[in-house]
Every structure is written in structure tokens, then in C-alpha cells.
Amino acid sequence: MKVYNKLIRDKIPQIIEDSGKKAIIEKVSGPEYLDLLNAKLGEELQEYLDSQKVEELADLVEVVYAILDYKGVSRQEFEDIRKQKVEERGAFRNKLLLKEVSDS
0 MKVYNKLIRD
10 KIPQIIEDSG
20 KKAIIEKVSG
30 PEYLDLLNAK
40 LGEELQEYLD
50 SQKVEELADL
60 VEVVYAILDY
70 KGVSRQEFED
80 IRKQKVEERG
90 AFRNKLLLKE
100 VSDS
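At position 69 of the sequence shown (counting the first as 1) the number is 68 in numbering that gives the first Met the number 0, and the numbers step up by one without a gap.
Keep in mind the hints are simulated off the structure, nothing from the lab.
The beta-carbon is built from N, C-alpha and C at its ideal position, and this holds for glycine as well.
Don't take each hint at face value.
[Stated by the list, open to error] Calculated pairs, PhoX-like style, for lysine-lysine (alpha carbon to alpha carbon, straight line, at most 20 Å): (1) K39 / K20; (2) K98 / K82; (3) K20 / K5; (4) K21 / K52; (5) K70 / K52; (6) K10 / K26; (7) K52 / K39; (8) K10 / K20; (9) K5 / K21; (10) K39 / K1; (11) K70 / K39; (12) K70 / K94; (13) K94 / K82; (14) K1 / K20; (15) K5 / K39; (16) K1 / K21; (17) K26 / K82; (18) K94 / K84.
[Unchecked claim] Beta-carbon label-pair distances, calculated as ranges: (19) R74 / K5: 33 to 43 Å; (20) E99 / A57: 32 to 42 Å; (21) R74 / K20: 28 to 38 Å; (22) D9 / S73: 12 to 22 Å.
Generate the whole structure from the sequences, applying the supplied hints.
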């Protein structure tokens with residue numbers, strides 16, 4: 000038996016069952032759910048950093064969407080916030096590296 004104790008996508012229990020195995024699942028909520036989402040965010044980020052695959056970025060975004068849902072923020076509100084930040088601070092299109100800042 001392998002122990003995971005991590006947040007999974009909604010269809011994973013059925014996929015496990017269809018493979019002839021049995022999964023023990025617990026439904027979580029509240030702050031525990033947010034803690035697990037935050038851990039999943041880190042996990043998905045590390046998977047992307049290790050693989051550099053676009054599919055891993057999709058997983059990362061899916062976790063971000065789940066966090067937004069938990070916080071009651073719509074995707075449109077999130078996109079508006081993102082656009083506002085681009086308007087105020089720019090994006091990363093110019094590929095700028097800040098080397099140092101001096102007082103003078």
C-alpha cells in the first residue's frame with residue numbers, strides 16, 4: 000500500500016478504481032483545503048521546474064484556479080488584477096534582469 004496524503008483531481012478516484020485498485024479518499028474543506036492547495040501549488044511548480052513541460056504549467060494554473068475559487072475570486076476578477084499589475088509595473092516581455100540598484 001502506498002500512502003499519498005495529497006490533494007488530487009476530481010476524477011482520480013474513478014481512474015484508480017478502474018485500474019482495479021482501491022483508494023481511500025477523504026473530503027477536506029476550510030483552512031485544511033487551502034493548506035493542501037498551497038502544498039499542491041508548490042508540488043506542481045516543482046514538477047514544472049524539473050520537466051519544463053507546458054502540461055505542468057496547465058496543472059499549476061488549475062491549482063491557481065482552485066485557490067481563486069476558494070477565495071471567492073472569479074477568473075475575470077483575477078484577470079483584471081493581472082492586467083492592472085501589467086499596466087502599473089509592466090510584464091516580462093522585455094526580458095530585463097535587474098543587476099543592482101545604487102543610492103546615487
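Okay, the hints, checked on the actual structure:
no. : hint                  : verdict
1   : K39 / K20             : violated (23 Å)
2   : K98 / K82             : violated (26 Å)
3   : K20 / K5              : holds (18 Å)
4   : K21 / K52             : violated (30 Å)
5   : K70 / K52             : violated (28 Å)
6   : K10 / K26             : holds (13 Å)
7   : K52 / K39             : holds (17 Å)
8   : K10 / K20             : holds (14 Å)
9   : K5 / K21              : holds (16 Å)
10  : K39 / K1              : holds (18 Å)
11  : K70 / K39             : holds (16 Å)
12  : K70 / K94             : violated (32 Å)
13  : K94 / K82             : holds (18 Å)
14  : K1 / K20              : holds (11 Å)
15  : K5 / K39              : holds (7 Å)
16  : K1 / K21              : holds (11 Å)
17  : K26 / K82             : violated (35 Å)
18  : K94 / K84             : holds (17 Å)
19  : R74 / K5: 33 to 43 Å  : violated (24 Å)
20  : E99 / A57: 32 to 42 Å : holds (36 Å)
21  : R74 / K20: 28 to 38 Å : holds (34 Å)
22  : D9 / S73: 12 to 22 Å  : holds (20 Å)
Of the hints listed earlier, those the structure fails to meet are numbers 1, 2, 4, 5, 12, 17, 19, in rising order.
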